[in-house]
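2 protein chains.
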Amino acid sequence: METKQLLVKSVLDAWNSRVEAANKLIDSLSDEDLQNEVAPGKNRGLYLLGHLAIVHDKMLPLLNFEAQQYAHLEDAFLNKPDKAVVDIPSIKEILNIWNTVNSKLAAHYASLSADEWFEKHSSVSTEDFVKEPHRNRLNVVIGRTNHMQYHVGQIALLKNKY
Amino acid sequence: METKQLLVKSVLDAWNSRVEAANKLIDSLSDEDLQNEVAPGKNRGLYLLGHLAIVHDKMLPLLNFEAQQYAHLEDAFLNKPDKAVVDIPSIKEILNIWNTVNSKLAAHYASLSADEWFEKHSSVSTEDFVKEPHRNRLNVVIGRTNHMQYHVGQIALLKNKY
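In order, the protein sequence lines correspond to chains F and A.
Counting in my numbering, the first sequence runs from 1 upward without gaps.
Counting in my numbering, the second sequence runs from 1 upward without gaps.
Be careful, since some hints might not be right.
Because identical chains cannot be distinguished in the list, a pair is counted as satisfied if it fits within a single copy or across any two copies.
[To be verified] Straight-line alpha carbon distances no greater than 20 Å define the calculated SDA-like cross-link-like pairs of lysine to any residue that follow:
| hint | residue 1 | residue 2 |
| --- | --- | --- |
| 1 | Lys80 | Lys159 |
| 2 | Lys104 | Gly143 |
| 3 | Lys9 | Lys131 |
| 4 | Lys131 | Gln5 |
| 5 | Lys131 | Asp13 |
| 6 | Lys159 | Asp33 |
| 7 | Lys131 | Leu12 |
| 8 | Lys131 | Thr3 |
| 9 | Lys4 | Ala114 |
| 10 | Lys80 | His51 |
| 11 | Lys58 | Glu116 |
| 12 | Lys9 | Val124 |
| 13 | Lys9 | Ala106 |
| 14 | Lys9 | Glu132 |
For the record, the hints were derived by calculation from the structure and aren't laboratory data.
Based on the sequences and whatever the hints tell you, model everything.
Take a look at the structure:
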């Protein structure tokens, strides 16, 4: 296997395995668990899950895949803190959005050639990309995997809470 | 810049920026904060910090850089849960270990050529590496960055605790 392909595989394997681990964690939690704050006075599980879903939704246009679908939920889960927006989707709906967005990403990931991963993402200009070629699609996935892990570690605190 | 170098840069930049962010977080926390559990009944901040330090220490032999230095602390921070080992280093000592280990890793990272990142790590056999060439040094850094993020997200809950 060519080095380029190897690297793409490492990055995508890491993303896929972390999404899988997140889903296993979520499956082990009840709706009630997800209603709880991960620590006293901190974000609720459902907010963090909604936050991850919206950040992943925004990856669709960022990676030049397709339009974002849930922009109307950015206030609830991204721009404003937990509980600032009262009218938010149910946990069932949030989980549905999370799964929908991750499935879309997985399908697009699988369709890209190794070379296409080294093309620029949509928030860097063609001019800047010449000077900063590391600002490519694969770099977005590396950063977003790290972001996911940060919050999944917090959601994990809802397990066996006492 | 060659694709291989670009990718190595992306992975190392992600590691370095996450270590930097972790240090900024740690600087913002008092020793008292780090004595607290990140959530009721969960690991203390100092345990998670010790855990990360020991996992990073173990990367030194895993990446074929040098011998591990703090194997004697594996029981306290890796093999056993928080509070199972009573005699553990002070927070000041843990921070010192964390910084020492990360400095060593940074120096080794900087000395490696792009090609050397694609060599096998020490826990995969030469035979298996032929079949699974993605099990290289760079892949270890991708995985350990994700691991760090998982626990840093938890330590971050100690900020402005009330």
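Against the structure, the hints come out as follows:
1. Lys80 <-> Lys159: For Lys80 and Lys159, the Cα distance is within 20 Å only across copies (19 Å; inside one copy 26 Å).
2. Lys104 <-> Gly143: This pair counts as within: shortest intra-copy Cα distance 18 Å, inter-copy 24 Å.
3. Lys9 <-> Lys131: between (25 Å within a copy, 14 Å between copies)
4. Lys131 <-> Gln5: between (23 Å within a copy, 14 Å between copies)
5. Lys131 <-> Asp13: between (28 Å within a copy, 16 Å between copies)
6. Lys159 <-> Asp33: within (8 Å within a copy, 22 Å between copies)
7. Lys131 <-> Leu12: between (25 Å within a copy, 18 Å between copies)
8. Lys131 <-> Thr3: Result: close only across copies, 14 Å inter versus 23 Å intra.
9. Lys4 <-> Ala114: Close inside one copy (6 Å) and across copies (12 Å); limit 20 Å.
10. Lys80 <-> His51: within (10 Å within a copy, 33 Å between copies)
11. Lys58 <-> Glu116: Classified as within: same-chain Cα gap 19 Å, cross-chain 35 Å, threshold 20 Å.
12. Lys9 <-> Val124: between (24 Å within a copy, 17 Å between copies)
13. Lys9 <-> Ala106: Answer is within; shortest intra-copy Cα gap is 13 Å, inter-copy 24 Å.
14. Lys9 <-> Glu132: between (22 Å within a copy, 11 Å between copies)
In summary, the structure agrees with every hint in the numbered list given earlier.
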